[in-house]
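Q: Line by line, the protein sequences give chains Z and L.
Residue 858 is where the first sequence ends in the working numbering, and the numbering goes up by one at each step.
Residue 163 is where the second sequence ends in the working numbering, and the numbering goes up by one at each step.
Don't read these hints as lab results, they were simulated from the structure.
Here the structure is a predicted model, which is why all the values come from computation and not from measurement.
Treat the hints with caution; some may be incorrect.
From the structure, some residues in chain Z lie toward chain L, with a derived Cβ separation under 8 Å [as the list claims (entries may be wrong)]: (1) Gly9; (2) Ala17; (3) Pro34; (4) Glu125; (5) Ala186; (6) Tyr220; (7) His223; (8) Ile239; (9) Leu242; (10) Val243; (11) Thr276; (12) Glu278; (13) Ile746.
Each residue gets a CB set at the ideal place from its N, CA and C atoms; glycine is no exception.
Chain by chain, the residues:
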Amino acid sequence: MNTDFSIIGKSTAMIDAAEKTTGAGKYTDDISVPGMLVGKVLHSPYPHARIKRIDTTRAEKLEGVVTVAVGEDAPKTYGILPVGHDEYPLALDKVRYVGDNVACVVAVSEAIAEKALELIDVEYEVLPAYFDPEESMKAKRDLIHDNKPNNLEKDYHHVFGDPDKGFAEADEIAEARFIANEVTHAAMEPHSTLASFEIDPHTGKPGRLTVWSSTQVPYYLQHKLSLVLEMPMAQIRVIKPLVGGGFGGKSEVIPLEITAAIAARKAKAPVKITYTREEVFWAHRGRPRTIIDLKTGVKRDGRITAVKARVVQDGGAYCSYGVVTILYSGALLGALYDIPNIQYDGYRVLTNKPACGAMRGHGTVNVRFAFESQLDELAVKISLDPAEIRRRNLLQPPCITVNGLRVQSYGLPECIETTVERSGWRERKGKLPKGRGLGIACSHYVSGAANSIIRSDMPHSTVNLKIDRDGGVVVYTGASEIGQGSDTMTAQIAAEVLGCSLSRVRVIAADTDLTPIDIGSYSSRVTFMAGNATLRAASDVKKKIAAAAAKKMNCAEDDLIFREDHILRRGSTLPDAAGAEEVEVTQAGASVSGRVEGQILRGSLQQKRKEEGPKDWMTFEEAVVAAIDFHGALTGTGSYAPPLEARGGKHKGAGVGPSPAYSYSAQVAEVSVDEETGEVTVHKVWAAHDCGRALNPVSVEGQIIGSVWMGMGQALTEELVWKDGMLMNPGLLEYRSPSSVESPEIEPIIVESIDPEGPFGAKECSEGSLAATIPAIANAIYDAVGVRLHESPFTPERVLAAIRASKNAKALNLTEGIDPTQPTRFREHGGSLWFKGKGPVRHELDPARRDAPAGGAD
Amino acid sequence: MKKELIELRVNGRRHEIAVEPSALLLDVLRQELQLTGSKRGCDDSSCGACTLLIDGVAMLSCTVLAASCEGQEITTIEGVSEHGSLAAIQKAYGDWGGAQCGYCTPGFIMTVKSLLAENPDPTEADIRAALSSNLCRCTGYNQMYEAIRSAIAAEREGLAAKQ
Chain Z
1 MNTDFSIIGK STAMIDAAEK TTGAGKYTDD ISVPGMLVGK VLHSPYPHAR IKRIDTTRAE
61 KLEGVVTVAV GEDAPKTYGI LPVGHDEYPL ALDKVRYVGD NVACVVAVSE AIAEKALELI
121 DVEYEVLPAY FDPEESMKAK RDLIHDNKPN NLEKDYHHVF GDPDKGFAEA DEIAEARFIA
181 NEVTHAAMEP HSTLASFEID PHTGKPGRLT VWSSTQVPYY LQHKLSLVLE MPMAQIRVIK
241 PLVGGGFGGK SEVIPLEITA AIAARKAKAP VKITYTREEV FWAHRGRPRT IIDLKTGVKR
301 DGRITAVKAR VVQDGGAYCS YGVVTILYSG ALLGALYDIP NIQYDGYRVL TNKPACGAMR
361 GHGTVNVRFA FESQLDELAV KISLDPAEIR RRNLLQPPCI TVNGLRVQSY GLPECIETTV
421 ERSGWRERKG KLPKGRGLGI ACSHYVSGAA NSIIRSDMPH STVNLKIDRD GGVVVYTGAS
481 EIGQGSDTMT AQIAAEVLGC SLSRVRVIAA DTDLTPIDIG SYSSRVTFMA GNATLRAASD
541 VKKKIAAAAA KKMNCAEDDL IFREDHILRR GSTLPDAAGA EEVEVTQAGA SVSGRVEGQI
601 LRGSLQQKRK EEGPKDWMTF EEAVVAAIDF HGALTGTGSY APPLEARGGK HKGAGVGPSP
661 AYSYSAQVAE VSVDEETGEV TVHKVWAAHD CGRALNPVSV EGQIIGSVWM GMGQALTEEL
721 VWKDGMLMNP GLLEYRSPSS VESPEIEPII VESIDPEGPF GAKECSEGSL AATIPAIANA
781 IYDAVGVRLH ESPFTPERVL AAIRASKNAK ALNLTEGIDP TQPTRFREHG GSLWFKGKGP
841 VRHELDPARR DAPAGGAD
Chain L
1 MKKELIELRV NGRRHEIAVE PSALLLDVLR QELQLTGSKR GCDDSSCGAC TLLIDGVAML
61 SCTVLAASCE GQEITTIEGV SEHGSLAAIQ KAYGDWGGAQ CGYCTPGFIM TVKSLLAENP
121 DPTEADIRAA LSSNLCRCTG YNQMYEAIRS AIAAEREGLA AKQ
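Throw the hints in and build the complete structure from the sequences for me.
A: So this is what it looks like as structure tokens:
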């Protein structure tokens with residue numbers, strides 16, 4: 001393969017960087033349209049209740065209130081998965097979590113809308129609620145959804161190979177329960193949607209709907225809007241402005257996005273709804289609390305003989321992506337190491353809490369934490385170096401794993417080797433002072449799902465490309481830039497293929513009226529799939545240019561090289577003088593086109609050509625003009641669908657897990673543990689990631705660092721804390737997203753395995769690294785103080801409890817005797833509005849409702 | 001509440017606007033003046049996305065009353081670009097990957113500006129301490145440090161060239 005690239009492989013600022021650093025770029029909440037009203041959503045104060053009556057009259061009478069939308073205004077269920085249509089945008093009969101959406105006030109200002117929320121009378125019949133997944137699974141009555149017995153959303157039972165035989169052959173077996181607590185995306189931009197109807201000139205009635213929304217999946221949003229509003233998709237235009245981070249939280253359609261359109265329809269005016277930070281926490285769709293009972297067997301030489309995992313996920317009140325999450329948890333036990341026998345039992349359970357969905361490293365992260373921790377434990381048991389045990393279990397690609405996953409490019413060995421080398425593992429492991437340690441772990445992730453969630457034979461990505469007489473390249477892609485560099489990747493690939501400069505390429509993205517369909521930014525699919533579609537669209541146009549240029553230059557098409565805004569005949573080089581001449585040519589062209597259009601520009605260039613005769617090279621503009629003369633308009637299209645061979649096995653649930661390519665990661669973390677306080681400090685993480693080929697190295701490094709950092713947050717501080725279905729920490733400080741002072745140096749190491757099917761060999765780089773960080777830190781803690789943490793995050797309290805338990809000392813309960821609703825000893829809940837009495841009324845059986853004097857002693 | 005007429009100086013320009021006495025500076029800038037570069041990321045002054053400069057001091061515009069800023073010089077992210085071109089810190093944030101989704105970026109750039117105005121040669125620890133007033137969920141902060149170091153170097157070169 002040609003490795004002499006002029007655009008890709010070189011670090012470049014994102015093409016939208018200036019928009020972001022000057023504040024000029026528009027995110028959804030930055031957009032206003034004339035006559036726009038403000039929507040505010042009324043949320044449920046109960047975790048589980050039947051709605052007996054909603055009376056909005058008092059609210060509607062308030063001056064400035066335009067309308068109040070309720071469930072009856074759009075009584076249609078939807079959900080991101082075809083098997084999970086269990087949500088109404090606004091609750092119809094029942095509310096299922098504290099924060100569920102009940103009604104939407106539309107008013108002329110936010111202050112009036114907020115006031116009106118208090119005037120809506122809702123009568124509830126409170127039902128028993130379920131908060132613990134293992135308790136919830138025992139439910140016989142008052143089910144969360146009537147059609148889901150035992151509150152079980154879905155369970156899967158997979159057996160690959162012969163696990164019993166595998167365990168019988170093992171020399172050492174480890175078995176333990178791991179718990180990974182719930183985390184959320186907390187993207188910096190709160191969800192926001194603006195919906196506006198146009199009046200149809202023929203009927204005179206509201207017709208087309210335009211929706212601007214902070215989404216990773218504009219085409220799914222268009223589909224769900226059509227479903228709930230009962231409008232044809234062709235009448236709905238979804239535009240994705242800049243998106244302030246997604247991490248999976250915007251990878252499905254949350255009720256707000258449809259509610260805005262329902263409210264706009266009822267108010268007969270454009271409506272914008274932007275969530276507060278507290279509402280974003282309730283909207284959630286994060287990584288579920290996961291209970292993992294894991295058993296692994298190894299031979300004395302380190303070879304894994306069998307793995308058995310029972311995984312229970314606390315999915316919250318709706319299906320969301322749940323069925324996919326529980327399948328990923330099992331499927332991605334494969335494709336990292338060579339495991340001959342796997343038994344997997346997965347349970348996705350409904351509880352009365354906000355729905356969990358997809359979050360960075362969807363489904364694989366918590367199980368990977370358990371697996372890599374247990375592998376470390378087994379390495380110690382058989383006295384093998386933890387890096388070595390991972391090397392002993394490598395796959396031999398190309399291969400199909402026991403659970404049907406096709407693996408081709410496989411940079412894991414090199415990832416392990418480089419991290420071990422850079423971190424000084426061999427010299428330093430086991431030789432650090434007490435309280436300081438090193439830990440290693442590996443992970444992997446899909447480069448897009450080989451099977452889309454809505455089953456069809458449609459390509460997953462399509463890209464159109466057009467070049468006009470001005471020589472400007474316009475790429476139309478449905479791919480959604482959410483900060484990961486999607487648009488820049490698109491521009492780079494188009495520029496590389498066409499041999500033109502990056503500044504020549506303009507990317508029009510994620511607007512359902514303008515761009516061809518792309519299923520969205522999730523499961524790390526954009527570079528692989530939209531990138532391949534871009535490559536094909538650009539190659540399509542390049543062929544047309546080449547045909548015309550070859551004719552002009554009297555040579556074969558194959559002999560042409562497209563490079564640096566020129567088309568050269570192979571073997572010839574661009575003479576130095578060409579630079580000067582080129583400037584002359586383009587300037588002449590520019591001044592002509594500045595005065596008169598089209599014909600004259602073409603005429604003057606042709607005239608110039610005639611005078612000079614055929615040459616060894618043409619400028620990009622000349623070639624484009626020649627091609628347009630030749631073919632008419634220069635347009636091309638390209639699409640991508642994953643190959644059949646990569647789509648997985650035949651068993652039930654086999655559709656989730658297969659990917660055209662997997663990324664690989666190996667990490668070493670260095671930590672120190674304060675044995676007095678249990679506080680863990682991460683000093684440095686070395687993270688090697690196999691991304692196939694780094695198209696934009698600075699971006700790839702940024703994605704690796706960001707993933708590792710987010711994994712570190714989940715490992716050490718981030719956790720959603722619940723009390724009877726109420727979120728105790730709905731604020732960024734209380735949630736404890738790490739700040740710059742808590743964030744260590746992360747050394748990203750790019751490993752390039754050049755995937756045979758990726759665009760220029762590229763694979764995913766934005767998710768795979770996250771999963772390795774948590775076990776790498778857990779294993780480093782073991783190395784530092786000799787205790788195994790089985791529950792994340794590894795808070796000082798949990799670490800201290802583990803240290804004390806290892807010394808047979810009594811655990812300390814630091815919060816014993818503290819009432820979380822009336823903290824007297826420390827400010828447990830920060831400044832959350834909830835606790836200033838603005839929150840909803842509590843369940844009457846809630847112990848926090850007892851009449852205690854304010855500020856009284858416990 | 002009845003609106004009152006106030007005068008705000010933003011990015012060197014004078015604006016006469018009617019605002020409610022309770023209106024927050026962030027809302028007035030975003031809704032009345034369409035200066036949407038300053039962002040709202042939280043409800044409780046924890047994220048720093050709305051950071052701007054009031055008389056050169058970094059402040060959270062989500063907790064400042066617009067009416068209290070009369071007579072003060074407000075600089076928002078829209079006032080950072082120099083003569084229609086990117087300032088060194090803006091260019092560096094783009095080049096070094098300091099901005100991914102970009103939502104927190106205006107706030108960070110204003111924080112950095114105030115840091116560098118006070119301390120043109122900050123140590124790594126100074127930078128970390130200063131940036132801890134803002135939150136980012138994309139970058140893990142690492143590439144921001146490189147951007148800031150490169151911006152300091154660029155500023156210095158620029159100064160040297162002028163002298």
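Q: Looking back at the hints listed earlier, which ones does the structure fail to meet?
A: 1, 3, 4, 6, 7 and 8
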